[in-house]
Amino acid sequence: METESTKSEFRVRDFFDVDKEVWNDWRWQLRNRTTRLEDLERILDLAEQEKEDIEKSLKYLKMAITPYYLSLIDQSNYNDPIRLQSIPSIHELEHMPYETEDPLKEDVYSPLPGLVHRYPDRVLLLVTDSCPTLCRHCTRRRLTEKVKKSSNHIELNKAFEYIASHREIRDVIISGGDPLILPDRMIEVIISNLRNISHIEIIRIGTRVPVTLPQRVTPELCSMLRKYHPIWINTHFNHPNEITPESSRACEMLADAGIPLGNQSVLLKGINDDVAVMKKLVQGLLKIRVRPYYLYQCDMVEGLSHFRTPVEKGIEIIEALQGFTSGLAVPTFVIDAPGMGKIPVSPQYIIGRNGDQILLRNFEGKISSYTDPS
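In my numbering, the protein residues as written are 832 to 1205.
Since the hints were derived computationally from the structure, they do not count as laboratory data.
Only pairs whose alpha carbons sit at most 30 Å apart, straight line, appear in this in silico DSSO-like list of lysine-lysine:
id : residue 1 : residue 2
1  : K1118     : K851
2  : K1100     : K1173
3  : K1118     : K1173
Computed from a prediction, not measured in an experiment: that's the story for all the values here.
Just need the whole structure built from these sequences, with the hints factored in.
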């Protein structure tokens, strides 16, 4: 049966005039990203006002969308969740007084360019400022999307020396940009150097490749990663429409290589701030062996106020998931507070105490008393 998404893929493939084999070449996908308004309007139906708004925003911000991710857009829906996440909006030029370029204070905690040491036992290694698709809600748009962007050039040897000299570091998160945009040999250089540091126990990779460029997950990449366990990968699905045969296959290949997969969603107004949408997403992720890990409150980055929801919306979603679906499917809702790190925010299930009796409510709203040991 031909679905709207398959019709959209055929339409975009016809525009590029390529067969399935070329379409599935991740390097071709990268070379043919849509970065200009002229190209976008030849592929998508754009209203005149939308064209004007995109043109204005591209004077200050960049756009890049892989043909694959572009093909997921429902052309008949101007509020399509893929469209909202990938096509620039005039709202991105609206800056609120409380917004900053670097709300997480990553630059403050950077002993070296591209290295962030915020938590005692782990560091963040930003190995590139490029991504297959530039997400409109990106926390690091100062590095990835700004036309005049900050310098973040990392000297890997100095970063390895820093990590080796700090024995308290046991966990390294490789991120960017998207580290899987790099060639296999470069990724292996980074991972193998980290593996040669005796006190590094865990290596994590943060990537949206399975979502926006699933063709990048190749047998060769999986075979290389398999050599350096324990490797963990956190990816970034925000909407069930991103779970496709291609993204499912990419996640399953990584899981078959022995890599545990987690997902970090961002709560986005008009995209996934809905209980039914989020429930479909987290249940769909478990089916492709991806564990919902975090649900982030959207960060206070310049130009993202149109994406942010009240904190209560995130609590409402978690409360609607807890008990109504598998606990494996319930992520932790967190606020990445400026300079403070991730703070979990949860519904309140303890409603009171009377001596050694704790009053609890369950997911159905029923009240129970639990005796606390003295």
